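Using the working numbering, you'd call the opening residue of the sequence shown number 56 and step up by one each time.
Since the hints were made in silico from the structure, they are not lab data. You can trust all of the hints, since none of them are fake.
Cβ pair distances, simulated, as ranges: (1) Leu338 <-> Ala118: 44 to 54 Å; (2) Ala142 <-> Ile501: 21 to 31 Å; (3) Leu388 <-> Glu304: 28 to 38 Å; (4) Ile422 <-> Arg529: 34 to 44 Å; (5) Ser494 <-> Glu304: 47 to 57 Å; (6) Glu301 <-> Ser494: 48 to 58 Å; (7) Thr177 <-> Glu284: 46 to 56 Å; (8) Asn117 <-> Ile422: 21 to 31 Å; (9) Gln111 <-> Asn370: 14 to 24 Å; (10) Ala312 <-> Val235: 46 to 56 Å; (11) Ala523 <-> Glu179: 50 to 60 Å; (12) Val526 <-> Tyr427: 52 to 62 Å; (13) Ile166 <-> Gly121: 34 to 44 Å; (14) Phe269 <-> Asn117: 50 to 60 Å.
Calculated lysine to any residue pairs in the SDA-like style (CA-CA distance at most 20 Å, straight line): (15) Lys295 <-> Ser73; (16) Lys112 <-> Asp242; (17) Lys305 <-> Gly281; (18) Lys511 <-> Arg69; (19) Lys112 <-> Ser248; (20) Lys295 <-> Phe81; (21) Lys305 <-> Ile291; (22) Lys511 <-> Leu388; (23) Lys112 <-> Leu133; (24) Lys112 <-> Pro127; (25) Lys280 <-> Arg158; (26) Lys511 <-> Asp309; (27) Lys305 <-> Arg282; (28) Lys112 <-> Arg250; (29) Lys305 <-> Asp285; (30) Lys511 <-> Leu403; (31) Lys530 <-> Val396; (32) Lys295 <-> Ile71; (33) Lys530 <-> Glu520; (34) Lys112 <-> Gln244; (35) Lys530 <-> Glu509; (36) Lys112 <-> Arg181; (37) Lys305 <-> Arg292; (38) Lys305 <-> Asn76; (39) Lys295 <-> Asp271; (40) Lys511 <-> Arg70.
Predicted, not measured: the structure shown is a model, and the values here were computed from it. Every residue, glycine too, gets a C-beta built ideally from N, C-alpha and C.
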Amino acid sequence: MEQAAPIHPTSGLRRITSAFNGRLLFSCGLLALSQINFGMDLKAFATTQAMPFFVQKFGTRNASTGSYAFEPYFLSLLNSLNYIGFAFGLVSGSFISRRFGRRVSLFTMCIWAIAAAIIILTAERREQILAGRVIAYIYIGMELAVIPVLQSELVPKHVRGFVVGTYQSGILVGSLIMAVVCRGTSDIQGHDSWRIPFGLFFIVPTIVACGVWFTDESPRWLLLKGRREDAYQCLIRLRKGAFSDEEIEKEFQDLEAITSSALVEKGVLLRCSEAVTNLKRTLVSVGVNLFLQLTGNTFVTIYGAVFMSGLKGVNAFTMTTINTAVNAVMTLLSQFLTDRVGRRPLLLIGAVIQTAALFTMGSLGTITNPGYPIRVAIAAMTTIFGVGFCLGWAPISHIVAAEIPSSRLRDFVISFCIPFLLYAPYANLGSKVGFIFGSFALLAIIFSYFSVPECKGKSLEEIDELFAQGVPLRKFGDTTTTRADIETDIKEKL
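Starting from the given sequences, assemble the full structure and let the hints guide the process.
If you want it as structure tokens, here you go:
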């Protein structure tokens, strides 16, 4: 009658695969697919900015040289105005997800993505390409509001880090696909060189919009809406075959136990201003998201191709493809390590690598009239930066933000300022921006050590309990909760 599936962990890859049945695997796969479109957007705009025909279409002609170029102010608008759409998407996505369900929010964001793709693909003027990107980021804001949350709600706790980590790996897969496509189309002599990459924006949201109705709603959301039986049946569908009946029943009882406290989340902003516990959670979430951007992410991902196109002798499109491939490998490695090594060690190691790469880049940038080997070394530092970033901050910041929900700050200011730091007649720092971002990466090391709690192997309910008890953030990983003690007793009886 009941299955003897053990509550994990087991060893090796089986530890991960044994947590999934076909239903859960389909749901997580579709959510990961959605993230690919974000990566495609980032890489498409980062790379097409260095394509001659894209520059000719939307840039300004220099009357004396006859060449086309983007003014720094237009680059800053192209890469920062989109956060208006992002902010709207984040707020509206959270509202729709809370009010009408996670699946409705997923479907709505796909409609926005398809509309944005139409506008971008048919763009003939600057204003249209800017408007299209703003609308595209409504999709991305909604995605960030719902997908990491839904992933953390659907999966068992011992694979939560791995699954939420697919948010970054999905972005990297999308970036890699787009980098390869742009490398191929960059040699096309015509506007198809940039229109073909943008045409791929239709594929993923169309698939997700159709497939979302075959996935399961969040059991937590169903309980919050008073739909107890629906929530129970949903949890059974997501766990049947991978967990025993007792384990499923125990997990459902835990979900029911926190329903009353979860309902209070409607007033979370008020509590954050009044309660020290929630203020601490807010600061952790804000901090990881700030350092995600301040340590150089925006510089490398959005302006990387434009930056390297200024390094004479270095093929910007080839380096972009190499960097994306390396980043994808490191993100996958991070996914496997997150639930085994923990969040904090990977954040610390990643920040150390980023700091070293960025300061080295800054130092090389001080050399006047650098030769080819120096230019190659500067480009190589972006690759090493990516190793550290994708091992630590890139995937794990999303995991921490999903485990410790609160308000999040974003990178509008960083995206707006970078063009003015890179180009004359403004700061014209070039490679020396490494000193700026390297300093923030150094601060990220300190923040990771003192302020990021270790939530490896803990359920969302256990995390709530640790915050409620006022356990110091650095001691989360070593503290056992009453829920964990109860669960251990159940395991011993099975």
